[in-house]
Amino acid sequence: MKRIFFSLLLVFVSSACSHNGDIEATNKQTSHTEATINKKHLQIEDIKLPASIFSSKKSNAVISEKEMKQSIKVYLDSSEDLYNASSQFEEKIDSDQKLNDKELEKFEKIKNLAKENDENFSNYVSNNTLPKGYKENSKRISRYITGVNQFIDGLNQAIDAMIDETSEGSISEDKVDSYVSGSNVSGREQKKIENFLDKKNIDTKAFGRKDKS
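Per this note's numbering: the sequence shown = residues 518 to 730.
Don't read these hints as lab results, they were simulated from the structure. A hint or two may mislead.
20 Å max Cα-Cα, derived EDC-like pairs, lysine to aspartate or glutamate [to be verified]:
| # | residue 1 | residue 2 |
| --- | --- | --- |
| 1 | K590 | D670 |
| 2 | K628 | E607 |
| 3 | K565 | E608 |
| 4 | K708 | E653 |
| 5 | K575 | E633 |
| 6 | K652 | E608 |
| 7 | K652 | D720 |
| 8 | K583 | E711 |
| 9 | K717 | E653 |
Estimated spans, in silico, between C-beta atoms of each pair [what the hints assert, rightly or not]:
| # | residue 1 | residue 2 | range |
| --- | --- | --- | --- |
| 10 | N629 | N577 | 26 to 36 Å |
| 11 | K615 | K717 | 38 to 48 Å |
| 12 | N617 | K583 | 21 to 31 Å |
| 13 | G650 | L616 | 37 to 47 Å |
| 14 | V579 | K626 | 44 to 54 Å |
| 15 | K652 | I610 | 30 to 40 Å |
| 16 | N712 | E622 | 38 to 48 Å |
| 17 | R705 | G671 | 27 to 37 Å |
| 18 | Q614 | D670 | 43 to 53 Å |
| 19 | D618 | K716 | 39 to 49 Å |
Quantities reported herein were computed from a predicted structural model and do not represent experimental measurements. In this text, a Cβ means the ideal position worked out from N, Cα and C, and glycines have one as well.
All chains, please: the whole structure from these sequences, using the hints.
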């Protein structure tokens with residue numbers, strides 16, 4: 518039920534936001550993730566958490582370009598891995614299957630790791646001196662990925678609430694439009710990020726740029 522509702526909602530949202538590119542990147546990332554899920558057909562117990570997320574204790578340090586490139590790669594790759602893992606739990610939930618205690622614990626750990634990953638990278642970017650040309654783009658990456666994660670989490674909650682409304686025979690399209698309009702996730706921002714990654718030759722599997730399945 519939720520998956521059908523979500524698909525219909527994305528059609529509405531895509532139509533409503535096509536004039537300014539909002540959530541274009543989210544749709545792209547979601548489509549890539551769903552294709553990965555369908556291809557792998559992993560069982561919940563087979564879902565692997567990333568071996569590591571981005572982490573650094575550096576503060577007031579001068580970061581070399583080599584280290585900065587690696588930091589961006591680790592952050593984006595781990596973010597993609599966490600997103601894919603989380604989506605597979607969502608797949609089971611959307612099919613009206615209940616998660617057992619171990620699965621719930623693992624799902625919660627994934628969400629906590631995603632938040633920690635975002636916070637660690639944000640602090641790293643803010644508290645250190647980055648190479649020339651990296652500060653603005655690193656902040657853009659941090660804002661964008663954090664925004665995507667918050668958007669997806671909030672959208673799931675909004676969908677749940679709207680499904681409840683639908684079961685009661687009513688749904689407000691204004692609520693959907695209001696939620697999407699309030700999002701700071703933009704396809705234009707993702708394009709700027711990908712251009713920066715190409716310019717600096719930073720190899721990452723984020724945004725469906727590389728299929729390592």
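Verification of the hints:
Restraint check for K590 and D670: not satisfied, since their Cα atoms lie roughly 23 Å apart, outside the 20 Å limit. Distance restraint check for K628 and E607: the Cα-Cα separation of roughly 12 Å lies within the 20 Å cut-off, and the hinted pair is therefore satisfied. Only pairs whose Cα atoms come within 20 Å are accepted, and K565 paired with E608 is accepted, the gap being roughly 15 Å. Straight-line distance between C-alpha atoms of K708 and E653 comes to about 15 Å, which keeps the hinted pair within the 20 Å bound.
As the CA atoms of K575 and E633 are separated by approximately 16 Å, the hinted pair is consistent with the 20 Å bound. Between K652 and E608 the alpha-carbon distance is near 37 Å, which puts this suggested pair outside the 20 Å criterion. With a CA separation close to 18 Å, the supplied pair K652 and D720 stays within the 20 Å bound. Taking the CA atoms of K583 and E711, the gap is near 18 Å; set against the 20 Å cutoff, the hint holds.
As the CA atoms of K717 and E653 are separated by approximately 14 Å, the hinted pair is consistent with the 20 Å bound. Restraint check, N629 to N577: a C-beta distance of roughly 27 Å satisfies the suggested window 26 to 36 Å. For the pair K615 and K717, the beta carbons lie near 45 Å from each other, so the given range of 38 to 48 Å is met. For N617 and K583, the Cβ-Cβ distance of about 44 Å falls outside the hinted range of 21 to 31 Å, so the restraint is violated.
The supplied range of 37 to 47 Å is met by G650 and L616, whose beta-carbon atoms lie about 44 Å from each other. Taking the beta carbon of each, V579 and K626 are about 34 Å apart, not inside 44 to 54 Å as hinted. Range check, K652 to I610: about 39 Å between beta-carbon atoms, so the 30 to 40 Å window is met. Separation of N712 from E622 is about 40 Å and conforms to the stated range, judged on CB atoms against 38 to 48 Å.
R705 and G671 have their C-beta atoms about 21 Å apart, which leaves the hinted 27 to 37 Å range violated. Hint check: Q614 to D670, Cβ distance near 20 Å, so the stated range 43 to 53 Å is violated. For the pair D618 and K716, the supplied restraint of 39 to 49 Å holds, since their beta-carbon distance comes to about 47 Å.
In this structure, the hints that do not hold are numbers 1, 6, 12, 14, 17 and 18, in rising order.
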